Amino acid sequence: MRMICYSFYYVFNSILCLLLFNLYMSEEVIELSPQNSAVSGFKEESPEHSPSERWLKTSKIAPFIQLDIQSELIEQSNPDYLGYGYGPQTPEADEKHQALQSHAITNTEKTYTVTRRKEKLSSILLPLSAASYYSGVSPEMEIVESCQTTDKLNAYLKARKDDVNAGVPGKFLHAVMASDGVDVGTVASIITYSFFLNLTSESDQFCTVPIININRANLGSQVELKWLLDSCHIDQSSLIFADEIDLSYYDLFGSLKIVLLKGSKIASKQEKLKHAVVENFHCRKGETIYPWVKTVITAEECSCCTAIADKFVNYSPEILASKSFSKLLLAGILLDTANLRDPGCTSKDKYTASLLINGAGRYGCSGLYQLLKYKMHDLSSLQVPDLLWKDFKKWIGQESGDSRSVQIGMSCIGISIAQLLSRAENIVEEIRRFQLYEKLRALIVVSGYFTDEKNFKREVLICTESTKLFESLLFFFDFNASRLPLKPLHFPGLKKNEMKAYEIDKVTSRKIVEHLIQEFVGIPKA
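Residue numbers (full-length UniProt numbering): 1 to 526.
In short, the hints are calculated from the structure, not lab data. Treat the numbers as computed from the prediction; the structure is a model and nothing was measured. Be a bit skeptical, because a hint or two may be false.
[What the hints assert, rightly or not] Computed list of lysine-lysine pairs in DSS-like fashion (alpha-carbon distance at most 27 Å, straight line): (1) LYS373 / LYS390; (2) LYS272 / LYS468; (3) LYS373 / LYS439; (4) LYS495 / LYS394; (5) LYS373 / LYS350; (6) LYS265 / LYS511; (7) LYS152 / LYS265; (8) LYS269 / LYS226; (9) LYS311 / LYS394; (10) LYS265 / LYS393; (11) LYS511 / LYS373; (12) LYS257 / LYS285; (13) LYS390 / LYS161; (14) LYS487 / LYS511; (15) LYS226 / LYS272; (16) LYS375 / LYS394; (17) LYS394 / LYS294; (18) LYS468 / LYS511; (19) LYS269 / LYS311; (20) LYS171 / LYS161; (21) LYS294 / LYS311; (22) LYS311 / LYS158; (23) LYS350 / LYS394; (24) LYS511 / LYS454; (25) LYS265 / LYS311; (26) LYS457 / LYS373; (27) LYS511 / LYS394; (28) LYS171 / LYS285; (29) LYS506 / LYS439; (30) LYS226 / LYS454; (31) LYS390 / LYS294; (32) LYS454 / LYS439; (33) LYS269 / LYS457.
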């Protein structure tokens with residue numbers, strides 16, 4: 001009987017404490033709200049609103065809440081702690097680490113803002129989570145974090161943009177750029193590695209600038225990249241693109257120093273600047289290096305972002321605690337390694353991805369990867385020029401029997417030629433404008449898509465500036481019909497002798513088309 005009384009007493013006290021705690025917390029939450037009023041615009045018992053919205057209404061929290069949290073990310077009480085699972089170090093290593101920390105970001109102030117989600121995620125196959133169980137697949141509300149690291153990165157980008165606009169007086173232009181390509185991993189590497197070089201530089205004679213090796217107007221075609229930069233709160237107006245800086249001007253006066261990422265050779269369009277290369281970062285073993293380059297860091301990992309994250313771990317690991325910064329690096333790793341499943345993915349790639357897991361968000365690494373892949377193949381918001389530029393290459397060569405050089409471009413799209421032609425009323429003019437902008441004498445649009453019957457089809461649209469070049473190109477393809485058998489497709493509105501569509505009458509890799517174009521312009525096989 002006494003045991004029953006004691007049990008009842010403890011249960012009663014627990015319930016009472018819980019009620020008092022809930023009352024206290026509800027008062028605290030209301031105090032945090034900028035306005036002590038309910039969210040307006042919600043209807044009672046409306047099935048159109050998610051549980052998160054109904055929760056906001058019942059708890060009387062305003063729709064936008066900001067909380068400032070000052071946190072020490074390095075345990076000052078333990079001098080051996082270096083963060084991220086690193087054990088005790090030697091006194092020499094600890095002394096070196098403390099010296100580096102004097103220049104690093106030691107405190108991180110984070111601001112969390114609850115906002116309405118801008119997009120629907122219901123069409124994306126995301127992994128299940130506890131949040132999706134309670135709030136559905138696409139909750140209306142999301143928590144956005146901003147912190148000192150992100151602010152410092154944006155301040156650095158803006159300062160360097162101002163320096164470039166001023167002509168970088170009295171300094172060397174230390175340009176960080178990739179040999180080729182503008183994928184997520186490449187852009188993330190350029191931004192973060194230039195930021196690292198700026199933080200660790202011991203000389204004030206260098207103006208370290210990240211350069212994205214495409215024109216700014218073409219950023220819109222990289223949907224997944226633009227989405228990532230937006231979600232990581234990167235100030236895109238402070239980024240410097242290839243058409244916004246004249247590198248040859250700095251090279252003329254001997255003030256250009258280039259750090260080349262993810263390759264040993266500079267892009268062909270910038271071949272004249274190759275003597276300005278002073279460092280190769282994350283180039284593959286066995287690649288031919290320019291003989292005058294002394295600083296060469298070969299790739300031991302699959303992703304360049306892994307190597308850069310490792311440098312931040314050794315220099316200032318608390319920088320990686322920023323959700324936006326870690327998300328930028330993690331996205332590069334996941335796409336470079338096909339969600340850590342690529343055969344070339346190393347244990348270091350996987351380990352680094354686990355360190356950056358904070359950047360993955362509520363759906364984890366697989367969820368972030370699926371979001372990026374969805375954005376990569378989402379063509380709904382792209383205009384015709386963006387669609388043509390999304391996966392674009394071009395070659396310059398000499399057409400036989402013609403004294404002029406021929407410049408041919410190839411655009412690969414994930415929709416049928418019929419869908420492309422129906423994308424705009426003046427589609428022929430749109431394609432012609434793209435040709436003129438890229439200075440192409442011929443454009444070949446290679447389409448690859450699945451039919452409703454799940455059969456893969458490939459089609460091509462050949463566009464040339466003249467009838468003579470069209471006939472020459474078509475004759476060359478007919479001569480190689482065993483590799484590229486073409487069957488005419490008829491669409492109204494196309495100029496018969498300058499623009500025509502064909503179906504490739506067998507399963508063909510787009511590499512076959514690429515090799516044929518190279519042969520046509522006289523580029524020898526590798």
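Check your understanding: Okay, which hints does this one fail, numbers in order?
Key -> The structure breaks hints 2, 3, 7, 9, 15, 17, 19, 23, 28, 29, 30, 31, 32, 33; every other hint is satisfied.
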